[in-house]
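Between the sequences and the hints, there should be enough to build the whole structure, so can you do that?
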Amino acid sequence: MELSSPLYEMEEDLPIEAIEIPASEKLTFEQNRSSLKGTKKIRVAFCQHFWYEYIGPMSLSAQLKNHGHEVECFIYDLNDLFEGIKKGEFDLVCFSMMTSDVKWVLDGATQIKSIKPDIPILCGGGHPTYNKKFVEEKPIDMICVGEGDHVIVDVANAIANGESWLNFENLVTKDKEGNIKHNPLREMITDLDSLPFPDRKLYRDKFRYFKNSPITTMIATRGCPYKCTFCEIPSYMDMYETNKFYYRSAENIIAEVNDLKAQGIKSSLLLFVDSTFNLNLKWTVDFFQK
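Heads up, our numbering is the position in the sequence shown plus 944, with the first residue counted as 1.
Calculated directly from the structure, the hints in this document are not laboratory data. Don't take each hint at face value.
Stated by the list, open to error - Think about it this way: if two alpha-carbon atoms lie no more than 20 Å apart in a straight line, the pair counts; the simulated EDC-like pairs of lysine to aspartate or glutamate are:
no.: 1; residue 1: K1057; residue 2: E1080
no.: 2; residue 1: K1082; residue 2: D1045
no.: 3; residue 1: K1057; residue 2: D1021
no.: 4; residue 1: K1150; residue 2: E997
no.: 5; residue 1: K1077; residue 2: D1051
no.: 6; residue 1: K1125; residue 2: E1107
no.: 7; residue 1: K1210; residue 2: D1149
no.: 8; residue 1: K1082; residue 2: D1119
no.: 9; residue 1: K1118; residue 2: E1107
no.: 10; residue 1: K1076; residue 2: D1051
no.: 11; residue 1: K1009; residue 2: D1149
no.: 12; residue 1: K1047; residue 2: E1081
In structure tokens, the structure reads:
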């Protein structure tokens, strides 16, 4: 299959070997544990099954880097991660997952625990959010329910300082004895302009597959007021006991586009992956006018 093909129908069609940057060219981190933010750095591994530039991991990576932590992404093939864990290069492993990823996640997490039993494993995304019993799986230490923007920093800082991460909001956690704790949700983030721009370097600095992609995914909103039965968002909003819909400002989105240009990211298409991007006509017209 040609690499320029716009769609890969099956997982086995993904040209993984052909598109991954050779080991000699991969971005690596120095073992520098000092921090400019006043907290000891840790190194976090983000793992995902499919070759896609997810907004979630990029947003969490931006938060972690803003607080002095280091992040690296691994896609599909986790052998480099396993080797890194053997060398003590990582302190926290995070899996972003859907239900279709369950077997892949559990296989990878089990292998990680066989190498370093005490390394914390955190799972987030659709599957653990709606299936909280997933934390009962043996290699899983905690799951993130709902928004992870703030709790990922809480967990990283706790690990860096040798403190417990069992009691943070938005987490369902499991201690060494197997006791499970369901922590409450913190309030939904309403000021989306306060969040850092997604960390595009997470994918584009490491993988040739994404480096020169003509498509850049973006998101302008969170939430949805509707109750479509085919969609998972109503259940998400019910968890937060709200049906409100939150927008970034037009100025904030434009600033992100300018930031993409400053990073040398040239996009032929900005792909907004919002559930209902144009729900508010006044906001939509204002955005396109600006």
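Checked hints:
no., hint, verdict
1, K1057 / E1080, "15 Å, holds"
2, K1082 / D1045, "16 Å, holds"
3, K1057 / D1021, "17 Å, holds"
4, K1150 / E997, "12 Å, holds"
5, K1077 / D1051, "17 Å, holds"
6, K1125 / E1107, "17 Å, holds"
7, K1210 / D1149, "14 Å, holds"
8, K1082 / D1119, "11 Å, holds"
9, K1118 / E1107, "15 Å, holds"
10, K1076 / D1051, "19 Å, holds"
11, K1009 / D1149, "15 Å, holds"
12, K1047 / E1081, "11 Å, holds"
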